[in-house]
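Residue numbers (UniProt numbering): 1 to 263.
Keep in mind that the hints were calculated from the coordinates and are not lab data.
Dumping the calculated DMTMM-like pairs for lysine to aspartate or glutamate here, alpha-carbon to alpha-carbon at most 20 angstroms:
(1) K169 / D141
(2) K169 / E201
(3) K54 / D9
(4) K127 / E201
(5) K169 / E80
(6) K127 / E138
(7) K149 / E138
(8) K74 / D63
(9) K54 / D16
(10) K169 / E197
(11) K54 / E75
(12) K74 / D9
(13) K54 / E80
(14) K74 / E7
(15) K169 / E29
(16) K54 / E7
(17) K169 / E79
(18) K54 / E79
(19) K169 / E131
(20) K54 / D69
(21) K169 / E138
Pairwise CB distance ranges (calculated):
(22) A217 / S94: 34 to 40 angstroms
(23) Q18 / I65: 29 to 35 angstroms
(24) Q88 / E231: 21 to 27 angstroms
(25) K74 / E147: 43 to 49 angstroms
(26) L134 / A70: 39 to 45 angstroms
(27) D141 / L53: 26 to 32 angstroms
(28) M146 / P21: 42 to 48 angstroms
(29) E147 / R237: 43 to 49 angstroms
(30) C91 / D184: 18 to 24 angstroms
Bear in mind the structure is a predicted one, so any value in this text is a computation, not a measurement. Ideal placement from N, C-alpha and C gives every residue a C-beta, glycine not left out.
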Amino acid sequence: MALPSLEVDLNLGRADGQRLPVRFLLEGEGAILGVAGPSGSGKSTLLRTIVGLKAASGRIVVDGIPWSDALGGKERPLEERSVSYLPQTPCLFSHMNVRQNLLFALSLVKNTGRSPWLSILFGGRKKSLSEIVLRIAERFDIVDLMERKIGGLSGGQGMKVSLARCFLKPARVYLLDEPLSGIDPAGRQFLYGLLPELVREARAQALWVTHAPEELAPVLAGIAVFPPEGEEFVVERTPKRRSRPRGMPFGPRLSGERVGEKS
Numbered sequence: 001m002a003l004p005s006l007e008v009d010l011n012l013g014r015a016d017g018q019r020l021p022v023r024f025l026l027e028g029e030g031a032i033l034g035v036a037g038p039s040g041s042g043k044s045t046l047l048r049t050i051v052g053l054k055a056a057s058g059r060i061v062v063d064g065i066p067w068s069d070a071l072g073g074k075e076r077p078l079e080e081r082s083v084s085y086l087p088q089t090p091c092l093f094s095h096m097n098v099r100q101n102l103l104f105a106l107s108l109v110k111n112t113g114r115s116p117w118l119s120i121l122f123g124g125r126k127k128s129l130s131e132i133v134l135r136i137a138e139r140f141d142i143v144d145l146m147e148r149k150i151g152g153l154s155g156g157q158g159m160k161v162s163l164a165r166c167f168l169k170p171a172r173v174y175l176l177d178e179p180l181s182g183i184d185p186a187g188r189q190f191l192y193g194l195l196p197e198l199v200r201e202a203r204a205q206a207l208w209v210t211h212a213p214e215e216l217a218p219v220l221a222g223i224a225v226f227p228p229e230g231e232e233f234v235v236e237r238t239p240k241r242r243s244r245p246r247g248m249p250f251g252p253r254l255s256g257e258r259v260g261e262k263s
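Based on the sequences and whatever the hints tell you, model everything.
Quick look at the structure:
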């Protein structure tokens, strides 16, 4: 059986007006690629291009299926991409409480009764939307916030709610743009464990934009480093784990190259 794979070969536009060649291949269930670099270097642009919010100059291929192929003239519609995206500035509905925000997000998921991801959460048992929302709230430790209006949340609490909403959607790829923004140190440690666990359970892959790649290194397959102006994009492998995370049948694999190197 072929490994789940995310292949990217793009020329990304950057804030400085330059175009940056970005190339990598991420393989394996539960594989997470860290994405690091200075502001304006193209990190968020990469995520938005994979989502389909920006036109791609190059190729994005998931499990052998082209999502974007500029040369072939193919562009998979946004709604047909199995992706869940947490933007850098998440937007929750201020007129709803936390529970209502999560229920609304779940109501947009098609065929919840046949979702493999939601079956994993509940061991294959059918559950109501309210029970599903309660389960994800338990995982993110936000049950005590469920009746609170969004305006009454701290920045860190709002981010945890946004993450819970993101993982309510079954997806092949999770795109997380600085998901620990505003989270206190204890909450960061909690999410360092929970988010990789959810990606593995969903049998998905993820890109995780971070300004602290050294903290994330133990859970990453590698780090995609977006450079300052005039330098090359590079993929750095993280040190091999001494043991596999629980439930991971094989280690994730990553390949990439400095743009301009001969393969």
